[in-house]
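S.K.: Spelled out from the first residue to the last, the chains are:
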Amino acid sequence: MGSTLRLYLTCIRNTLDAAMCLQNFPCQEVERHNKPEVELKTSPELLLNPVLICRNEAEKCLIETSINSLRISLKVKQADELENILTKKFLRFLSMRAEAFQVLRRKPVQGYDISFLITNYHCEEMQKQKLIDFIVQFMEDIDKEISELKMSVNTRGRLVATEFLKQFI
Amino acid sequence: MAGAEGFVESDNAEAIITRIEHKTRKIESLLKQFKPVEALKTALEGTYAMTSDERCKSAHWIVVHRAIMAIKDVDGMLSSLDPEYYDILMKYLYRGLATGDRPTCDQCLRIHEKLTERAGHGCILRFLTDTVNTV
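Those sequence lines, one after another, are chains D and G.
For the first sequence, numbering that gives the first Met the number 0 assigns the number 0 to the initial residue and increments by one for each residue that follows.
For the second sequence, numbering that gives the first Met the number 0 assigns the number 0 to the initial residue and increments by one for each residue that follows.
Because the hints were derived from the structure by calculation, they are not lab data.
Possibly wrong hints are sitting among the right ones.
What the hints assert, rightly or not - So the derived list for chain G, only partly shown, Cβ under 7 Å to chain D, looks like this: (1) I61; (2) V73; (3) D74; (4) S78; (5) S79; (6) P82; (7) Y84; (8) Y85; (9) R94; (10) L96; (11) G99; (12) L108; (13) T128; (14) T130; (15) N132.
What the hints assert, rightly or not - Below, in silico cross-link-like pairs of lysine-lysine (DSSO-like), each with a Cα-Cα straight-line distance of 27 Å or less: (16) K127/D / K113/G; (17) K74/D / K87/D; (18) K129/D / K56/G; (19) K40/D / K56/G; (20) K40/D / K143/D; (21) K74/D / K127/D; (22) K127/D / K149/D; (23) K127/D / K143/D; (24) K165/D / K143/D; (25) K76/D / K40/G; (26) K56/G / K113/G; (27) K74/D / K40/G; (28) K40/G / K56/G.
We put the CB at the ideal spot given by N, CA and C, even for glycine.
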């Protein structure tokens, strides 16, 4: 189980290493505009093949690259209904504060839980390796966070129930 | 003009599908003789008779998938595989990863790691940029 996670993250890291080759590219259609081409998808010659890496039926990662931007969408494992709710709430919390993260997208792509948008400007300001480390670290930490949240919800629920039912003893 | 081209395409497609069926039989026999590396080489050859026909692509994929799943020793397989097959193998690995089926993804992830070590990031980039010859 742990080894598949390691292989999955290595695969994503290698693919990102290869795919994160971004350069400035002003918009072809509109003068003086500079837009992330991966979001608009107006010119097919500016887009590379999208890559879908699945670890299993529940977890996957979609990496779409273009000449000046790269979009990474993640679907996180959700084993039961509680994890479903926790994941949605937690990732929504993060997405609302997307400005603080700079590379986070405010809305995840359809069918995924969270999305990152990395542009050439990010690559100029920040180091490419550090960006990739951040994404991979994020993926590792998300699983831990969700498990911790689930455990704390269960603990709290058990404590509350015990206290409440004591009055009936 | 388009009609004539369409006719040639379907003609070609039938020939390719027959060739793929021959390949499948050959690969099954190689796998029975416990030669998974030769089976993979046979599966990867000739996939460059590229058509845009979806049936041919699916047929090719089924054959390569069978050969990939039969590989047990990844290091050994990669050392005996010619470097010219690395790019096409990478394309099929990514197709396998996109399926989402757990055993396929496990196997493909295993091979992907070792293949990237050998072939480098250039192999991945060649897959990303090749929008014409897709599998």
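S.K.: Look at each hint and say if it fits the structure.
M.R.: Do the hints match the structure? See the list:
1. I61: Since chain D brings no Cβ nearer than about 18 Å to I61/G, farther than 7 Å, the hint is violated.
2. V73: This interface hint is violated because 11 Å lies over the 7 Å limit.
3. D74: At about 15 Å, which exceeds the 7 Å cut-off, the nearest Cβ of chain D leaves the hint on D74/G violated.
4. S78: At 20 Å from the nearest chain D Cβ, S78/G fails the 7 Å test, so the hint is violated.
5. S79: Violated - the Cβ of S79/G stays beyond 7 Å from chain D, reaching only about 22 Å at its closest.
6. P82: 18 Å, violated
7. Y84: 19 Å, violated
8. Y85: 14 Å, violated
9. R94: Constraint on R94/G not satisfied, violated at 9 Å.
10. L96: 5 Å, holds
11. G99: Because about 4 Å separates G99/G from the closest Cβ in chain D, which is inside the 7 Å limit, the hint holds.
12. L108: 4 Å, holds
13. T128: With a minimum Cβ separation of about 6 Å from chain D (threshold 7 Å), the hint on T128/G holds.
14. T130: It holds, given that the least Cβ distance between T130/G and chain D is near 6 Å, below 7 Å.
15. N132: Result: violated, 11 Å to nearest chain D Cβ.
16. K127/D / K113/G: Holds, at about 23 Å.
17. K74/D / K87/D: 11 Å, holds
18. K129/D / K56/G: Roughly 38 Å separates the two Cα atoms, so the pair is violated.
19. K40/D / K56/G: 25 Å, holds
20. K40/D / K143/D: 35 Å, violated
21. K74/D / K127/D: 23 Å, holds
22. K127/D / K149/D: Roughly 33 Å separates the two Cα atoms, so the pair is violated.
23. K127/D / K143/D: 25 Å, holds
24. K165/D / K143/D: 33 Å, violated
25. K76/D / K40/G: 36 Å, violated
26. K56/G / K113/G: 25 Å, holds
27. K74/D / K40/G: 34 Å, violated
28. K40/G / K56/G: Satisfied, since the Cα-Cα distance of roughly 17 Å is no more than 27 Å.
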